[in-house]
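Sequences and hints are given; from them, build the entire structure.
Quick note: the first sequence, position 160, residue 794 per my numbering, numbers continuous.
Hints are computed from structural coordinates only; laboratory data are not their basis.
Careful, some of the hints might be misleading.
Once the Cα atoms are required to be at most 27 angstroms apart in a straight line, the calculated DSS-like pairs of lysine-lysine come out as [what the hints assert, rightly or not]:
1) 772 <-> 815
2) 678 <-> 762
3) 797 <-> 891
4) 891 <-> 815
5) 785 <-> 716
6) 759 <-> 718
7) 815 <-> 762
8) 716 <-> 655
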Amino acid sequence: MPELPEVEVLCYSLIPFVLNKVITRIVIYQYSLRYPVPNNLEDKLVGQTINTICRIGKYILFKTQKGTIISHLGMSGNFVIKNKNHIIAKNEHVIIGFDNFDLCYIDNRRFGLILWTENDPLTHKLLKNVGIDPFSDKFTVHFLWRSLLSKKTNIKQFLMNGKIISGIGNIYANEILFISKINPYTVSRSIPFEKCQILFNNIRQILQLAIQYGGTSIRNYIDAHGISGSFQNKLKVYGKAGHTCSMCNMYSLVIVKINQRSTVYCPYCQK
DNA sequence: ATTGGAACCTGGTGGC
DNA sequence: TGCCACCAGGTTCCAA
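Below you can see the structure in the form of structure tokens.
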């Protein structure tokens, strides 16, 4: 479910529920996520107030006075607000309980994680290598240009490399390359500066638009209010292999695997 | 130092 | 209906 736009929308939708609220209970049904859920979470969190909620790359951080919950949704994770005494869903692994509601972490594939740190979260092993956020002031055309020159991999993998730019996953990498008219196999360092400028603008544009539409909801993604995003209706290539390209109205969109991820593109438009 | 591939999981879908 | 292969919004780890 989660690339930058989905995580951003979820994060934002959680704020009115959990910000400045006191955690009253912790229930862990499944410790085995990408990393084990800390078994002292209850001791650490009950009585604590959530002071800040923020997104770093695809991570969501919940800060309290004593420390920070570091979470990541993996491929299928989600946080959902439920009534107290709700029926426990399958794959509901962790409940962070508040006075009047429960914040539930649900994740069928268990590639996500919930961890706790009492140090500066930015120094945490998982966060210290998170790349530049596309909406940060530090993300500039020149940063992108220098990064492109430093890599010999294909541009698709470059965009999905969260250690360079954080937040772009498979869906948006496909969409960004399509509107930028860049072939996904193109070697990063061979991209000319003019294309780099186009790419730069499109990265922000696509992600911004996806956020405005509430993210992309295929399969099961919903925000904390239970609302689905609608950017799936705006997708031009992802999930559209075999359809006629919307740019040239001539060639069929082709699907290939690049670094084990489905990649859809127009061989005519994306040279 | 880089990079491609396997691994971690569950659940849904389509073909036979 | 059942079984099986394959697919899925991500990331880390290991071997070449």
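We went through each hint and held it up to the structure:
1. 772 <-> 815: holds, 25 angstroms
2. 678 <-> 762: holds, 23 angstroms
3. 797 <-> 891: holds, 21 angstroms
4. 891 <-> 815: Holds, at about 18 angstroms.
5. 785 <-> 716: violated, 45 angstroms
6. 759 <-> 718: With Cα atoms ~34 angstroms apart, residue 759 and residue 718 exceed 27 angstroms; violated.
7. 815 <-> 762: Measuring from Cα to Cα gives roughly 33 angstroms; hence the hint is violated.
8. 716 <-> 655: Holds, because 15 angstroms separates the two Cα atoms, which is no more than 27 angstroms.
Comparing the model with each earlier hint shows violations of hints 5, 6, 7; every other hint is respected.
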